[in-house]
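Using the sequences and the hints, build the whole thing.
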Amino acid sequence: MTGHDFVALLPLLILAATPIVVMLAVAVHRSHGVSASLTFAGLAISFGSLWIAAPQLPRQVTPLLMLDRYALFYIGLIVAASMVFVLLAYGYFEKREGDHDELYILMLVATLGSAVLVSSSHFVSLFLGLELLSVALYGMISYPRRQPLPLEAGIKYLVLAAVSAAFLLFGMALVYGALGTMQFGEIAAELAHSGFDRWLVLPGMALIVTGFGFKLAVAPFHLWTPDVYEGAPAPVTAYIATISKGAMFALLLRYFYQTRAHELAPLFIVFSVIAIASMLAGNILALLQNNVKRILAYSSIAHLGYLLVAFQSSGDLAPTAVAFYLVAYFVTTLGAFGVVGILSDSTRDADLIENYRGLFWRRPAIAAIFTAMLFSLAGIPITAGFIGKFYVVAAGASAAMWSLVIILVITSAIGLFYYLRIVVAIYGEATQVKAGPTLALPGTLALVFLSASLVFLGVFPQPLLALIRNLTRI
Amino acid sequence: MILPCLILIPLLAGALAWAAARWNASAARWIALIAVLADFILTLSLWISNSHAGFAVWFAQTDWAWIPELGIRFHLALDGLSLLLLMLTFFLGVLSVLASWNEITQAVGFFHLNLLWILAGIAGVFLAVNLFLFYFAWELMLVPMYFLIAIWGHEKRIYAAVKFFIFTQLSGLLMLIAILALFFLHHTATGVYTFEYQQLLGTAMSPTAEMWIMLGFFVAFAVKLPVVVLHTWLPDAHTEAPTAGSVILAGLLLKTGAYGMLRFVLPLFPRSAHAFAPVAMALGVAGILYGALLAFGQTDLKRLVAYTSVSHLGFVLLGIFVWNGLALQGALMTMICHGISTGALFILVGALQDRIHTREMDRMGGIWSTAPRLSGAALFFALASLGLPGLGDFVGEFLVLLGTYRQSVVLAVLATIGVLFATFYALRLVQRAFQGPNTHSWRIPDLVPREGLVMALMIVALLWLGLYPRPVLNVFQPAVARLEQLAPGR
Chain A
914 MTGHDFVALL
924 PLLILAATPI
934 VVMLAVAVHR
944 SHGVSASLTF
954 AGLAISFGSL
964 WIAAPQLPRQ
974 VTPLLMLDRY
984 ALFYIGLIVA
994 ASMVFVLLAY
1004 GYFEKREGDH
1014 DELYILMLVA
1024 TLGSAVLVSS
1034 SHFVSLFLGL
1044 ELLSVALYGM
1054 ISYPRRQPLP
1064 LEAGIKYLVL
1074 AAVSAAFLLF
1084 GMALVYGALG
1094 TMQFGEIAAE
1104 LAHSGFDRWL
1114 VLPGMALIVT
1124 GFGFKLAVAP
1134 FHLWTPDVYE
1144 GAPAPVTAYI
1154 ATISKGAMFA
1164 LLLRYFYQTR
1174 AHELAPLFIV
1184 FSVIAIASML
1194 AGNILALLQN
1204 NVKRILAYSS
1214 IAHLGYLLVA
1224 FQSSGDLAPT
1234 AVAFYLVAYF
1244 VTTLGAFGVV
1254 GILSDSTRDA
1264 DLIENYRGLF
1274 WRRPAIAAIF
1284 TAMLFSLAGI
1294 PITAGFIGKF
1304 YVVAAGASAA
1314 MWSLVIILVI
1324 TSAIGLFYYL
1334 RIVVAIYGEA
1344 TQVKAGPTLA
1354 LPGTLALVFL
1364 SASLVFLGVF
1374 PQPLLALIRN
1384 LTRI
Chain B
9 MILPCLILIP
19 LLAGALAWAA
29 ARWNASAARW
39 IALIAVLADF
49 ILTLSLWISN
59 SHAGFAVWFA
69 QTDWAWIPEL
79 GIRFHLALDG
89 LSLLLLMLTF
99 FLGVLSVLAS
109 WNEITQAVGF
119 FHLNLLWILA
129 GIAGVFLAVN
139 LFLFYFAWEL
149 MLVPMYFLIA
159 IWGHEKRIYA
169 AVKFFIFTQL
179 SGLLMLIAIL
189 ALFFLHHTAT
199 GVYTFEYQQL
209 LGTAMSPTAE
219 MWIMLGFFVA
229 FAVKLPVVVL
239 HTWLPDAHTE
249 APTAGSVILA
259 GLLLKTGAYG
269 MLRFVLPLFP
279 RSAHAFAPVA
289 MALGVAGILY
299 GALLAFGQTD
309 LKRLVAYTSV
319 SHLGFVLLGI
329 FVWNGLALQG
339 ALMTMICHGI
349 STGALFILVG
359 ALQDRIHTRE
369 MDRMGGIWST
379 APRLSGAALF
389 FALASLGLPG
399 LGDFVGEFLV
409 LLGTYRQSVV
419 LAVLATIGVL
429 FATFYALRLV
439 QRAFQGPNTH
449 SWRIPDLVPR
459 EGLVMALMIV
469 ALLWLGLYPR
479 PVLNVFQPAV
489 ARLEQLAPGR
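Protein sequences, first through last, are from chains A and B. Each number in my numbering corresponds to the 1-based position in the first sequence with 913 added. Each number in my numbering corresponds to the 1-based position in the second sequence with 8 added.
Because the hints were derived from the structure by calculation, they are not lab data. Because the structure is a prediction, the values reported are computed rather than measured. Among the hints, a few may not be true.
Okay, the calculated bits of chain B under chain A, using three or more residues with CB under 8 angstroms as the criterion [to be verified]:
hint, stretch
1, 66-77
2, 164-173
3, 179-186
4, 394-405
So the derived label-pair ranges between C-beta atoms look like this [stated by the list, open to error]:
hint, chain 1, residue 1, chain 2, residue 2, range
5, B, His-195, A, Phe-1330, 30 to 38 angstroms
6, A, Ala-1178, B, His-195, 21 to 29 angstroms
7, A, Arg-1382, B, Val-237, 40 to 48 angstroms
Ideal placement from N, C-alpha and C gives every residue a C-beta, glycine not left out.
Structure (structure tokens):
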């Protein structure tokens, strides 16, 4: 490795160094504020170092990591989302008893894992990144360890993530056995000429898709999602919904677009079935829920289904559509769970629809922010979600995948029901007179920032689109 | 620069009204009133300054880049058709602000925010000549309307609001698919990515593709119009909405459907629209008869007026797809006059409900003896609605019938029966609600000067449209002539 390699790796190195610094700081003096600030500062420095690393790109650092513009974009997105997470988590955990410092250490490790995932070009780095992310998440999910629900959610996630990792490993082994390489570029080269053993590669790819599917929580691998979303503390739920899934999707896109394995006939059908099943299951099952976190869980299943439609189209529009949709989805989901978190009190999360009844009359600003987030999830104009959905539909239409597009449209109309249920409650007559907890300042700042971005991206998407087009060509 | 202002003024004033209402509810009302009046005056000035030029296409334009790679531009343009509909928009906008002056007491600021944003969305729909921008504005109208119904509506408001939202959203998404299909077909044919209306005109495509894409647009507009079968959201939404909501729904939102047919369905897909015309005309006539029949059966005053809209908009659909000069003029005239006469009826019903807290006709009767001005105005607009000569609605429906007669005698006869039905329901309304003995001994205050002013403005407008429609028809003329040229087989 040369000096240039280290410069290119700088964002990742800073991400790796920050948890050590925070750990040392905790050893000296335990303070929630200090830990959170150090974490935030580390993330901010890492974000800033993207501009230092940028001139060195694209750079293959060892066979494992490919640091190119694509990786840079997603690392930036992940780090920015982690900064928002810190702001949301600080206010949320400050209200609660216990020591909260380790949460930030775990989160930094998970963020490092996500950054490795999006820049990996090899099965080994893929698996390393994935495990860094998953293992840290077990701890984050069951962080309020004296409460039964988070513990249950943590165990569920542990078991299913371990199983999915096993699937993934087995799939990788089969592909390696057939093609003799674990490097994405070389896999692509091997697949390009047809002399490989289909009966090893296809099951291998299918198992890999299964492993990915668990992480992305697409149907039929989605069963863990509602329970884990409900059990985890609201900011951690936001983390799982955005960073963990986003990193995984970025990897999925890179892996399959580079190897073109998704164009193998059976896999194309598999992805279509997964996309349709996710859109249907997510939107229809969400109708039956009364818990806002569970509704958002099912809605995220549906959103990953929409993303798969764009992924399937494989056209010029697809990387742009996916990247924009992910940014919009990050902003919206962080915002939605941020609202849930900020309204939660010291004992339980504000996760029932009833908690939101009449919110508009008690706290008009928070209600307006939550409404904007919900409308963005539903894809209504002047929010980022609208442009995102437009791009996804456009990507689908560009590949003339009419059946997928029409299912997308119909299921997203079904989806309106449950978003509107929450909205109706927010603007309904107030049953709860008390105003609820006082709002934490960092969380409020984060929400203001998120809603401003939401509207800005919805009205002036051009700057971000130009950036995406510039960065995310694979 | 005037065109973006027409949209921006209500948007900004809406935000301002919300903020201002925190310290004074009246301030929000005044801000809203001034903003809509300013828009009205701007539109009027556009009319006057262009009247000598004869309203040829796009006499005012604004074209800004938005997402240039995909040919998405912030492109607004004005022709005679848009101009008159904008006039109607801001005219009814002023009246809805006035009509809700005392009715709305809860969350006044947020109410006016929504009211103004709907008007901004509607103005966007009437001005957009980029299909992406059009879709954007089209969807933008929905959310504030949803809030208007869901927060300030009557008993079954949630049901009505959700139904309205889902109907329009689903049909809108179908239109989005159609827009994108057109966009990609145009790219295949020419290699250019664009959503610009002018460039998409005359895109080469196979008849099958044209038919499917046309239907995608048609469904979206048919839901708004509404065409019978897709109309079930309308009676609920109109009945449950607050007065201003009903006025805007009936007066303006329905017109966006008709506008879409005229601006997009006919010019973009002339051949398949022509092939589809018999079906559309039949649906129009069915709407006329069905709406009138159901209006006759209602006992809820607001629901009655809502069903008359189905009937009147049937004339519009018929006129559009008959597709000759007379019928098109008639359809446009009906659009404007229906906006005013039905809007006025909704305001009157709202005023009455405010006073006696019911919309049931059985609980009324003999109102004339206690509120003669209100009842007189109701009689006037009921007569307008049944198509009394000398008032605007007559001109529109007469022209449609005349145009239809040339195309199909049967349809013309059936539509005329619809006019006959209109007499029944309109007179029944007046008799049961306002005339007869005052059996429930109502004692209610008559129209206050503010309400009187609203009514007077609407009466004058209808009389003008009925007695001297020439200036309005002149504004439409170039647009109508262009549409007429497009008609295949001519």
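Coverage of the stretch 394-405 of chain B by chain A (three or more Cβ within 8 angstroms): n = 0 at 8 angstroms, threshold three: violated.
Verdict on chain A covering the stretch 164-173 of chain B, criterion of 3 CB contacts below 8 angstroms: holds (count 4)
C-beta pair Ala-1178/A, His-195/B: status relative to the range 21 to 29 angstroms that was hinted: For Ala-1178/A and His-195/B the Cβ distance comes to about 27 angstroms; the hint holds.
Coverage assertion for the stretch 179-186 of chain B with respect to chain A, Cβ distance below 8 angstroms, three residues required: holds (count 4)
Outcome, coverage of the stretch 66-77 of chain B by chain A - at least 3 residues whose beta-carbon is closer than 8 angstroms to one in that chain: Coverage by chain A holds for the stretch 66-77 of chain B (5 residues, Cβ < 8 angstroms).
Consistency of beta-carbon spacing, Val-237/B to Arg-1382/A, with hint 40 to 48 angstroms: Roughly 43 angstroms apart at Cβ, these two residues keep to the hinted range, so it holds.
30 to 38 angstroms as the expected CB spacing between Phe-1330/A and His-195/B, which holds or is violated: For His-195/B and Phe-1330/A the Cβ distance comes to about 35 angstroms; the hint holds.
Checked against the numbered hints above, the structure violates only hint 4.
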